[in-house]
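Chemist: In case you want the letters, here they are:
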Amino acid sequence: MDAYLIAVGTVVLIYALLAIGLNLQYGETGLINFGHVAFFALGAYASALLALRGWPLAVTFAVAAAVAAVAAIPLGLAALRLREDYLAIATLGFSETVRLMLQEERAITQGVQGLPAIPKLFGALGGARADLAIFVALLVAVALAAWATHLLKTSPFGRLLRAIRDNEAAVVALGKDPARYKIQVFMFGAALAGIAGAFYAHFLTFITPDQFVPLVTFYVWMSIILGGVGSVRGALAGTLLLVAFLEGSRFIRDLLPGVAEVQMASIRLAVVGLALILFMLYRPQGLFGKRGG
Amino acid sequence: MTLVEVANLVINGLVEGAVIALPALALTLVMAIARFPNAATGDVMTLGAYVAVGVQGALAGAVGGQLFALGIATVVTALACALVSLIAYQWIFRRLGRAAMVASLLASIGLGFLIRSLITLAVGTDQRTFSLPLVRAWNFGGVRLLPNDVVIAAVALVVLALVFAWLQYGRSGRLLRAVADNPDLARLSGIRSQRLMWLLWALAGALAAIGGVLLGVKSVVMPELGWEFLLPAFAAMILGGIGSPHGAVIGALLMGVGQELSVPFVGPTYKIAVAFAVLFVVLMIRPAGLFGRPELVR
Numbered sequence: 001m002d003a004y005l006i007a008v009g010t011v012v013l014i015y016a017l018l019a020i021g022l023n024l025q026y027g028e029t030g031l032i033n034f035g036h037v038a039f040f041a042l043g044a045y046a047s048a049l050l051a052l053r054g055w056p057l058a059v060t061f062a063v064a065a066a067v068a069a070v071a072a073i074p075l076g077l078a079a080l081r082l083r084e085d086y087l088a089i090a091t092l093g094f095s096e097t098v099r100l101m102l103q104e105e106r107a108i109t110q111g112v113q114g115l116p117a118i119p120k121l122f123g124a125l126g127g128a129r130a131d132l133a134i135f136v137a138l139l140v141a142v143a144l145a146a147w148a149t150h151l152l153k154t155s156p157f158g159r160l161l162r163a164i165r166d167n168e169a170a171v172v173a174l175g176k177d178p179a180r181y182k183i184q185v186f187m188f189g190a191a192l193a194g195i196a197g198a199f200y201a202h203f204l205t206f207i208t209p210d211q212f213v214p215l216v217t218f219y220v221w222m223s224i225i226l227g228g229v230g231s232v233r234g235a236l237a238g239t240l241l242l243v244a245f246l247e248g249s250r251f252i253r254d255l256l257p258g259v260a261e262v263q264m265a266s267i268r269l270a271v272v273g274l275a276l277i278l279f280m281l282y283r284p285q286g287l288f289g290k291r292g293g
Numbered sequence: 001m002t003l004v005e006v007a008n009l010v011i012n013g014l015v016e017g018a019v020i021a022l023p024a025l026a027l028t029l030v031m032a033i034a035r036f037p038n039a040a041t042g043d044v045m046t047l048g049a050y051v052a053v054g055v056q057g058a059l060a061g062a063v064g065g066q067l068f069a070l071g072i073a074t075v076v077t078a079l080a081c082a083l084v085s086l087i088a089y090q091w092i093f094r095r096l097g098r099a100a101m102v103a104s105l106l107a108s109i110g111l112g113f114l115i116r117s118l119i120t121l122a123v124g125t126d127q128r129t130f131s132l133p134l135v136r137a138w139n140f141g142g143v144r145l146l147p148n149d150v151v152i153a154a155v156a157l158v159v160l161a162l163v164f165a166w167l168q169y170g171r172s173g174r175l176l177r178a179v180a181d182n183p184d185l186a187r188l189s190g191i192r193s194q195r196l197m198w199l200l201w202a203l204a205g206a207l208a209a210i211g212g213v214l215l216g217v218k219s220v221v222m223p224e225l226g227w228e229f230l231l232p233a234f235a236a237m238i239l240g241g242i243g244s245p246h247g248a249v250i251g252a253l254l255m256g257v258g259q260e261l262s263v264p265f266v267g268p269t270y271k272i273a274v275a276f277a278v279l280f281v282v283l284m285i286r287p288a289g290l291f292g293r294p295e296l297v298r
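Protein sequence lines, in the order shown, are assigned to chains E and H.
Read in the working numbering, the first sequence has 177 at position 177, and its numbers run on one by one without any break.
Read in the working numbering, the second sequence has 267 at position 267, and its numbers run on one by one without any break.
Accuracy of the hints is not assured; some may be wrong.
[To be verified] Computed list of lysine to any residue pairs in SDA-like fashion (alpha-carbon distance at most 25 Å, straight line): (1) Lys153(E) / Gly175(E); (2) Lys153(E) / Val102(H); (3) Lys153(E) / Ala100(H); (4) Lys176(E) / Arg286(H); (5) Lys218(H) / Leu79(H); (6) Lys176(E) / Met284(H); (7) Lys153(E) / Ala179(E); (8) Lys218(H) / Gly258(H); (9) Lys218(H) / Leu100(E); (10) Lys176(E) / Ile285(H); (11) Lys218(H) / Glu104(E); (12) Lys218(H) / Leu162(H); (13) Lys218(H) / Val55(H).
No wet-lab data here; the hints were simulated from the structure.
From just these sequences and the hints, can you work out the full model?
Modeler: Below you can see the structure in the form of structure tokens.
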């Protein structure tokens, strides 16, 4: 049971890293990133592939963050100077393209078979102790990310980001170039997703392109909406609720013998879809947010 | 590549482009008037394909001829999806009209998920096919033309012609263009927009549905059918210039031909990636697209 709780806790923290990045992009700066899972996938594959070639994990984690951040640059250059919905469409296309490449470039990624036997993070400690160590390391990473976001928010840079979100024309009038700041935020969020991907790969030790479908992006959107857009605490609470739902749906399936896993996947998709609609209609401020806040 | 191979690819691309033009037109009209990219369009296409497979199956034996049954199924499907689209507007997008664009966009993603999951819950994830007469391709010295492809392209072109004639000469079509062009001016001129919005959403649903049926006829019907064509349709809309109906059609034809011509180089599975590449290049060098107005872009 302890092992199970630690495994679930690890998943919560990985989603939390994704949520903190997306919250900074959308909640603070107003960037509509519909391709978050692509940066997650790039981080996971970059770190896993290098680790399989014998690189030390400390290096592969840094590479994962760098690859994801660099991948964000051309997208940012193309879409961030335009209307906000262009970024949404471009990132959505990017995430499907990345997934397709992971699936098709078999020579590098082994395609749909996925990458097995990825070195486990803290693998030298052995089984349960390694899992606990990963959990603690993730806890530190999430705390650092939350702290960095907090510093960023309260700094002049953070004020500028909120100004961009609320009135971009005014920021331009002050002689600032919003696109530059937007690209920096976009890269920072992508780097966090890349690190989350590295943790994911070296925790599960097995990744396939199927794990990086667009639904994952909208799980993260769902968790920041649940918690109330723009607050780190909200993002963490939302992530907890989301994973509780995902895990809970597994138990429900065990209780209902007639329901196959395929149908359960459909039901999860239906719940997320319906929740997105209902939250937009009735509680755009999230469960804990204040109306108009 | 020989000239004959190129000709075959171009023909196939034009057929596919004519089909993508239908959802691209729906996207660009909704974008011009309701002002958000409707990500549920792809899954409405899927819904259309499944409804039409079901209706054609139910009609089998009752009416003569597979194509005739398919024709009836297409009309029924267009009406059904127009209704679904109207309900979605009444329930969701009308109420989000005054909220930020992102609310409608996220809700449309949610609606797409909901439609797709309800389809798979209702009929499972197995692939379906339309029953079609088996016919041999016409062969003009190596240039092949499938009779079914000719029917598909003809249906798409007739539907497009009807919509364009309505936009150009129909009374409400012209009002719709006026609202797309300048909503405030349209309102000041006394255009009552509520009825127009219903027309718009019904039209968008019907267009997506017919596009889905034609895609299903061309390949197979599966739960990801429409989702996989959402990105090419988005790319076609942006290539043509957002809000420009004829731009969407020309963009879709170019996308279709471009996707097919890329197949010998990158293989058939990279179609979505080609759509993304087109999208990316257009955003970099000419975000207003071929026929769009630059002031709508920023």
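Chemist: Looking at the structure, which of the earlier hints fail to hold?
Modeler: Every hint satisfied by this model.
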